[in-house]
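Undergrad: As a plain string of letters, each chain reads:
There are 2 protein chains.
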Amino acid sequence: MSVDCLFCRIIAGEIPSYNVYEDEFAFAFLDINPIARGHTLVLPRVHVTKLAELEGEALSGLAAALQRVAAGVEKALEPEGLNIFINQGEVAGQVIPHLHAHIVPREKGDGVRFETPVVKLAEEEFGKVSELISKTI
Amino acid sequence: MSVDCLFCRIIAGEIPSYNVYEDEFAFAFLDINPIARGHTLVLPRVHVTKLAELEGEALSGLAAALQRVAAGVEKALEPEGLNIFINQGEVAGQVIPHLHAHIVPREKGDGVRFETPVVKLAEEEFGKVSELISKTI
Numbered sequence: 095m096s097v098d099c100l101f102c103r104i105i106a107g108e109i110p111s112y113n114v115y116e117d118e119f120a121f122a123f124l125d126i127n128p129i130a131r132g133h134t135l136v137l138p139r140v141h142v143t144k145l146a147e148l149e150g151e152a153l154s155g156l157a158a159a160l161q162r163v164a165a166g167v168e169k170a171l172e173p174e175g176l177n178i179f180i181n182q183g184e185v186a187g188q189v190i191p192h193l194h195a196h197i198v199p200r201e202k203g204d205g206v207r208f209e210t211p212v213v214k215l216a217e218e219e220f221g222k223v224s225e226l227i228s229k230t231i
Numbered sequence: 095m096s097v098d099c100l101f102c103r104i105i106a107g108e109i110p111s112y113n114v115y116e117d118e119f120a121f122a123f124l125d126i127n128p129i130a131r132g133h134t135l136v137l138p139r140v141h142v143t144k145l146a147e148l149e150g151e152a153l154s155g156l157a158a159a160l161q162r163v164a165a166g167v168e169k170a171l172e173p174e175g176l177n178i179f180i181n182q183g184e185v186a187g188q189v190i191p192h193l194h195a196h197i198v199p200r201e202k203g204d205g206v207r208f209e210t211p212v213v214k215l216a217e218e219e220f221g222k223v224s225e226l227i228s229k230t231i
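In the order they appear, the protein sequences are chains A and B.
If you number the first sequence the way this note's numbering does, the last residue is 231 and the count never jumps.
If you number the second sequence the way this note's numbering does, the last residue is 231 and the count never jumps.
Simulated from the structure, these hints should not be mistaken for laboratory data.
Identical copies look the same in the list; a pair holds intra-copy or inter-copy alike.
Below, computed lysine-lysine pairings styled on BS3-like, alpha-carbon distance capped at 27 Å:
{"no.": "1", "residue 1": "Lys-229", "residue 2": "Lys-214"}
{"no.": "2", "residue 1": "Lys-169", "residue 2": "Lys-202"}
{"no.": "3", "residue 1": "Lys-202", "residue 2": "Lys-222"}
{"no.": "4", "residue 1": "Lys-144", "residue 2": "Lys-229"}
{"no.": "5", "residue 1": "Lys-169", "residue 2": "Lys-222"}
{"no.": "6", "residue 1": "Lys-222", "residue 2": "Lys-144"}
These numbers were taken from a predicted model, which means no experiment stands behind them.
Construct the entire structure; sequences and hints are all you get.
TA: Laid out in structure tokens, this is it:
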């Protein structure tokens with residue numbers, strides 16, 4: 095636990111939250127600034143900032159909890175779709191530096207929009223980038 | 095394998111792709127319509143549409159691959175941040191109905207933007223929604 099972390103304090107019960115699920119590895123509660131009704135956060139109990147830092151069972155535990163909660167949100171609210179996302183780094187929209195996945199129920203005309211530039215990569219650039227990444231894995 | 099599925103055909107090697115990783119459970123390649131340099135897709139070999147449908151080792155296998163590939167993208171390209179997301183359903187932006195996670199390297203001023211409405215929920219609505227969801231899990 096990190097004493098300065100809002101999410102660690104929520105998990106510890108020091109700060110109230112609208113909890114929807116918890117187990118040995120993960121904790122889930124409603125986002126207090128929702129972008130949709132039912133916007134839920136699922137996070138590992140262990141304080142890490144990035145997905146790459148999760149070790150061993152904490153990773154599969156988080157995946158299992160994410161799946162359970164996503165299925166629960168679908169059953170409970172019957173949305174037309176779901177966005178499930180992790181933002182890593184301030185530039186990507188991460189506000190609290192404790193890894194968390196957002197589950198956002200989606201409906202037609204809800205105003206949520208992912209605005210993306212058109213990125214044109216040359217054919218050889220695809221080859222170069224895929225090689226760069228695959229070499230590091 | 096679903097013979098009508100573009101991603102199943104890519105996994106089977108019937109359609110070329112810029113692969114970055116593969117193992118028993120998962121497959122990763124560059125998105126051919128990238129929203130950033132290094133935009134990578136990670137998917138289960140098994141053809142399912144939604145996260146809730148993945149069973150047993152296929153789930154932990156996908157999580158492990160997603161973590162490895164995300165770490166690889168970070169090492170290879172050193173972006174300022176990452177967005178990792180799954181879109182489920184057409185309304186949420188899912189184009190190919192084979193579950194896949196996007197990994198998008200982020201940099202300041204890259205033009206990627208998640209536009210979200212302000213949703214104001216009454217205090218009692220938070221309680222109601224969290225109860226609704228938690229009951230189904």
